[in-house]
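Asks: Chain P: place on chain E using the hints.
Protein sequences appear in the order of chains E and P.
The numbering of the first sequence is my numbering, which starts it at 53 and goes up by one.
The numbering of the second sequence is my numbering, which starts it at 5 and goes up by one.
By construction, these hints were calculated from the structure, which means they are not laboratory data.
Pairwise CB distance ranges (calculated):
#, chain 1, residue 1, chain 2, residue 2, range
1, P, 320, E, 367, 39 to 45 angstroms
2, E, 385, P, 264, 30 to 36 angstroms
3, E, 385, P, 300, 50 to 56 angstroms
4, P, 208, E, 414, 39 to 45 angstroms
5, E, 412, P, 264, 27 to 33 angstroms
6, E, 334, P, 308, 18 to 24 angstroms
From the three backbone atoms N, C-alpha and C, an ideal C-beta is built for every residue, glycine too.
Chain by chain, the residues run as shown.
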Amino acid sequence: MSHHGARGGAALEVRFVPDEDVLKHIAEDAGFKVRKDKPQLAVSVKGFVKTLENISDDEAQEMLEEKSYVAVLGIRTQDSMGDGSGVGGGELYTFQTPKRSGKMAELASELARTPGQSEAPDCTECPKKNVKTPQSSSNKKNEFVSTTPYRLRRRLTAPDTQLESESEYSASCSEEEEEEEEQKESSTVAGRKTPAKTKAASTPLSKKSLSKKMKEDKMSNLVEQYFEAHSSSKVLTSDRTLQKLQKRRLNQETLRDLLKKAPLPYAAEIKELNQQHESLFSKWMLQLHLGFNIVLYGLGSKRDLLEKFRTSVLQDSVHLVVNGYFPSITVRSILNSITEEVLEHTGTFRSPLDQLEFIVKRFKEDSSLELYVLIHNLDSQMLRGERSQQILAQLSSLPSVYLIASIDHINAPLMWDQAKQSLYNWLWYETTTFSPYVEETSYENSLLVQQSGSLALSSLTHVLRSLTPNARGIFRLLARYQLENKDNPSYPGLSFQDFYQQCREAFLVNSDLTLRAQLTEFRDHKLIRTKRGADGVEYLLIPVDDSTLTDFLEKEDEDV
Amino acid sequence: QQIQEEMNKQLFDNLVSFLRRSHSEFQEKATEWTCRMKSREIPTAALVLGVNVTDHDLTFKSLSEILQNNITPYVALLQAKDCPGIKNLMQKLMGQLMNCYVDADSSDEEDCAQVSPNRIRCSMTSLISWYENITKKTDSETPNRKRTSSRHLQSPPVVVIFKDMESFTTKVLQDFIVISSQHIHELPLILIFGIATSPMIIHSLLPHSISSLLCIELFQSLSCKEHLSTIIDKLLLTTQFAFKLGEKVLQVLINIFLYHDFSVQNFIKGFQLCIVEHFYSQPLSVLCCQLSEAKKRVNSLSHSQCENIRRLPSFRRYVESQESEKQIALLTSDNFLKEAVQKLLEDLHVYHENYLPVLRCLHVFTSSLPKYPLGKQIRELHCACLESRVWETEDYESSLQLARMLNKSDLVTMLQKCVEIFVSSSGKDFDKVVEKLKDFLAQFQKLEGACQEQGESISSQKELQKKTDLYHLQKSLLELKESRRSKKLTKFEVLRFEVVDFIDSLVKNYLVPADHQTLHELVYFSRAGALREHLNAAPRVALHTALNNPGCYLKHQALRSDGGSLSNKAPDVCIVYKLHLECGRLINLVDWLEAFATVVTAAEGPSGDAAVSDQVDDVIHARFIRAVSELELLGFIKASKQKTDHVARLTWGGC
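Next up, chain E with everything else stripped away, as it sits in the complex (with noise of 0.2 angstroms):
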């Protein structure tokens, strides 16, 4: 540490002193941290520099090229968007390597620091600045955890909290390794510090002469890059984890409480914008009846938006309004709306394809018959396959069927091949509105951070009570037989013939086939799952995990 101090000329030291001035120190020296020379961010930032003499200098720097990078962005979508002549976003997707987790807190302290302001590269402000951030909040002091050499590191959460008494970092046996290299690193750049900061200073002036520069640059680059990225395959991430963090997990109901009353942000400014959007509705209608169908894109929940549209236009007329978002939505369930309720047909159809053709012909020898459909999340789970988006999209193609839809996925428009889109013909139209997605993210359960559980434990106990008090003494004697044996991670499941034998002693069933039948009711509920084990004995699951099932049997204990 001191050594490498030395070398990049600054007058820091490194001892090892007490906590509160390590913490300190820490503040001071953040800019310590080298990263490896990443590759360019956008056009305009080409070497990254990093420089050792001066915290505030290379925080103004960064700010600089994080900065130009936003902007050169803003002008080029902004170009794309005013003219129409050049397709900004090449450089979206630029490959860049990974980063450290540290970044992000690093990111989030200069956030929370300027006020959306730039901050003035002045050498005597900034260091101050820094000293002041750790005292605002403590838990400033992880965020800077990964910004540190690992010893020091290690002193330093050791008097912290529980949260962070473990070893930090999964991945921290490399990291010896990795400082040498960076502090190579660091020193050459150190040294051709001077011309690259000019460069990034002069940047947003001869942003022209360098772009197309930079053009080649990034395409010779470009391979070379994707292997760097994806060369090493260790992440570093630190090793926390939620349940460490002493935290109940919210559910659904408290997290909509909890949202309900944080007030939302710039709501005067997102009904502008949804005015806006409103404005076009009688252009939409129009476009149409001229056999367009129209598609909605853009960031925040264009649902109200479409709620808006049907209650103000389509009042008077037929339409069907499909909630793409719905988890268990099928094209079947779709196309058996139009038949059974708009079409007033009775009768099933072998096929979607068969039942597509009936509409079909409908449509085509009643040419009276109009219908809108409305899709909400037309790029949901659901519906975004091939099969069902092929059929959709023949469906949109009939002259009296008006579609209009809503799409968020970013990679949504890749479900549609040349022969789809012009099937459906679509009208973009960019609807930003900036408000949350409530309903389409209610159903989104699969990350959720709150995740309790509550769902599978509600569906346990409405299945039971339907069952017979013997029925509900089967499963649970099956349920507690497998937290019995929730420790054994080989635990295959109880096998067939020790459950019959456990269950015959305590009077639940009198014969192997009353249990066979039990135990199929309990599978097509699915409340368990059965699988043959190597030596062909059949064995029973419970695929709940095991705080549920812990749950249910003290709720079942306090009803019997």
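Replies: Quick look at chain P alone, frame taken from chain E:
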């Protein structure tokens, strides 16, 4: 809006008729060649259609129509996605054939209609028996019936069209071909393959043993570029339609065509959209119709519409160029304005009438020049002319230079073509032009005669020179060279210069860019941005801008940052997004949450800092959850099983 619908209709008629024309040649060939069918081999036509897949539907539709009208009533169109197996293929085929049979004589063949095609056991034998049934019936039918079928061949062949041959599974195709080749004697079958890539695909799809069963003839359909130029020719370069496209719009449409899909259909769609947009957004577009109609409509303009006219930039320019009394009259009196507008409309119309022949004429000249300085296609020339004064461009200069070096025969043929163009055009003031051109032609002819005489004289000179010795010869040659160098331009060269200058003057007179014309806003649609936005949208860019720079959409001063960097008061999603950009492939949720909390608490002010130090506020937690799940919905992250409480990044930079 009625006009607009009419226009749309005309547009499609145009296209269909064009396609029909392009296919009539196939038909002739096809009929010839059905006659010389060989046994055991299935006659097959391979249609190479090019990559513009979206247009194929239309092509095939018209093709099958023509086939049905002229050759055989039995045409089946098969698509790859309907036929995953041989069974489905047969089913589909039977269904279509039966149906068209039913259509042909539904009046007297009810029993046939009642049989649902799905219920028939579909096999080749049943197909054959069905076919025999029909042919027998048609033979034994009343003369009345025979007359109707007489326009078809004696035993009408069954035509099966495979729309997209590449996407059929090879197995299905092979099986079908083998089976049908067994039955070719009983069932005259003709296959038509639609091919998008290259004819080689047949051989790569089908092994030799199969392809030897086919007797393939290749047909090349017109390339989509030619389709496009015909359409541009018919729609844009006529005075028939009042509606015109501005330069940038045309450029955008052509770019989409060339760089995205090669689809003529999409081009037409874009054109339709232009029409809709124009009529929707320009209140004065009522005047965008035929001249006589427009004049009538001018008389019935309301006051507010007159005001609208006064507000047009081109009209203002016009007013400013007038003398002051007239200016006042134009700006105050509606009636005077209406008269002026009528006159201006007429001028505009005349301008268009003159513009097109001259454009074509210039195209004749420039399209044969080496290296095509002004573009090969007339649309490029059109764009150049719309964009700016074409005679001020460098390309025009160089093309004139090149034109001054043309040889005589080329020049003469070009002039003849120009004369044709001008004669066929309806413009009134072209009589003089035509005369002048004819005059040029006559002069050229005269020159030709003169040249021949000259040639004779030269040859006589040579004879003389034979007798002189070497020295004299050298001397005389030098003299000759000198005289040639110093000699005035020949008559031909003078004439050539004159012709080029004349063309130049024509161009300068008539090819003024449209936006120099008064009232061009009425008929020209030039909002390229809107068009691009709707046809060739960039949803990713929009999303990115919204997340990176919310101030772009939300006009709040807290978000208005000069550099475009994100302030900590931005919406939650934007902050979370910005933070996630700094991470690698995996993101730790706890770190993320903490970083988020730091930002948000700082944004809310220093008040409760000490209290929320350790534990993140519930509300902030909830907000974080919402933002993260929104990002998941948007496809930036997904849950990861690699490590507990981690998510994986899905977008650029990560992966």
